[in-house]
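J.: Protein chains in written order, with my numbering: chain A, 9 to 305; chain B, 9 to 211.
Honestly, the hints are just simulated from the structure, not real lab data. Hints should not be assumed to be uniformly reliable.
Derived list of chain A stretches under chain B, where covered just means 3 residues or more per stretch with a C-beta under 8 Å from a C-beta of chain B [as the list claims (entries may be wrong)]:
#1 21-30
#2 36-42
#3 135-142
#4 225-237
A quick note: this is a predicted structure, and the numbers were derived from the prediction, not measured. Positions of the beta carbon are idealized from the N, C-alpha and C atoms, including for glycine.
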Amino acid sequence: MTAAAYNFAYLDEQTKRMIRRAILKAIAIPGYQVPFASREMPMPYGWGTGGVQVTASILGRDDVLKVIDQGSDDTTNAVSIRKFFQKTAGVATTTATAEATVIQTRHRIPETPLQAGQVLVYQVPIPEPLRFLEPRETETRKMHALAEYGLMHVKLYEDIARHGHIATTYAYPVMVAGRYLMDPSPTPKFDNPKMHRSAALQLFGAGREKRIYAVPPHTEVVSLDFEDHPFEVNRFEQPCALCGAEGVYLDEVVLDDRGGRMFVCSDTDHCETRQAAGHRGTMASPIAAGEGGRRAD
Amino acid sequence: MTAIVSAAGFENPVHEAQATFRAAMRALAEPGLAQAVTPALLAPPPLQPATAALLLALADFETPIWLDPAALAMDGLADFLRFQTGAPIVADPSRAAFGVITDAAAFDGLDRFAQGTLDYPDRSTTLILQVDALAAEGAFELSGPGIAGRRRLGVTPAIPGLARALAGNHEMFPRGVDLLLVAGDTVVGLPRSTRVTEDAACM
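Using the sequences plus the hints, can you model the full thing?
T.: What follows is the structure, encoded as structure tokens:
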């Protein structure tokens, strides 16, 4: 079997230039969605083609790539995209957040605070925060042009009228640098505060919808709310069952058909790092023989 | 003709274009911070090395380039850019995706470049402005996205009208021109999102 030869990072150079120019304009206009000529990728729309095209366009030989899917390094989407770039770009990969220079993510921001120089690339399904309120592109474009975002406030108000609180829990709308309304992609609203004045550059790629947008480092990212209904992040009642971490985003895992369940860190790297450091949750595996003497905290 | 004879493009276009783009990306993401543009190419005068690298990395048949009179007057420079990038050289700066000012003394504002529209603010010129030197201290104070607090920038020589043009440019946000200041193999970004004020005492 002979392997086909690809250009570095799969995309041809003209495509990379076009995407790179879109990225530069996106950075210059924080939160504005720059249209770009999204290409067909060797994966279906909805599997991260936007993020993959952004990553392919910025990646260099010296980069260290981490890919996460819902916080996890070892689910299908993350493994496939990591292998894709190992194969087509030959770049080093890692699961450790602190060691990565480029992190491609689907729907989470790592728990470990990002550092200056790191780039976080989001896979975005629907880039337009107003799309489910106004289906016409001509109209949403005009709303962005005029910074006319009353519609989104009405939507959040209707949440309050119906549920007594803002019931939006993911893809929670944000204002970027006080000008553009932006969809943070379907990350849990738990992660919204991490976008605010992050030291890392955040790039967003929507392949099917053909849009790229960006949040430069140290940029104001404010979740929409009301004075009497301030923005709040999700809270969890118990710590991670494996590593005992508190104040992190947890996934619910169903254990049996009798109501058994556990809550564990969504960020697998964060959880494994804590377990390696000796932290144990209530349902952690028994301490290995070599680690005798450590106890759960 | 001498310009063409003594000029050469990237030795390794894929990786040098990538490295140059990343310098431009960091420059615009962190306005005012100097970024090194590393590719060793032979820039045809009056282009400085980073200017030539940026154009070769980012321009192609889709991006009209506008050259200032000093650059246009240099025999063979337009041909070098056409050959290396395929980009059309245009006389109308409001049609240019990239503008190049090699003679900073002749700087006369940003108004004539493409500003984008409120609907499509991305359709604006990226202007490469060549200067003699850039410093982390100096007359300009920068703030805005990409800057934690404030950052200072010194531009040598002092360009009359630059501060006012930059302030007016930011005023128009989200429309406006994005600047890449180049000195030798260094690039500094000044996107339209950056608020620029000039401290007269430092001049």
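J.: Hints first: check each against the structure and report whether it holds.
T.: Cross-check of the supplied hints:
As drawn, the stretch 21-30 of chain A meets chain B at 8 residues by the rule of a beta-carbon pair under 8 Å; at three or more, the given contact holds. By the rule of at least three residues with a Cβ nearer than 8 Å to a Cβ of chain B, the coverage given for the stretch 36-42 of chain A holds, with 5 such residues. Counting residues of the stretch 135-142 of chain A whose CB lies closer than 8 Å to any CB of chain B gives 0, so the stated coverage by that chain is violated, three being the minimum. Coverage of the stretch 225-237 of chain A by chain B holds in this model, with 4 residues showing a Cβ closer than 8 Å to a Cβ of that chain against a need of three.
When each numbered hint is compared with the structure, a violation occurs for hint 3 only.
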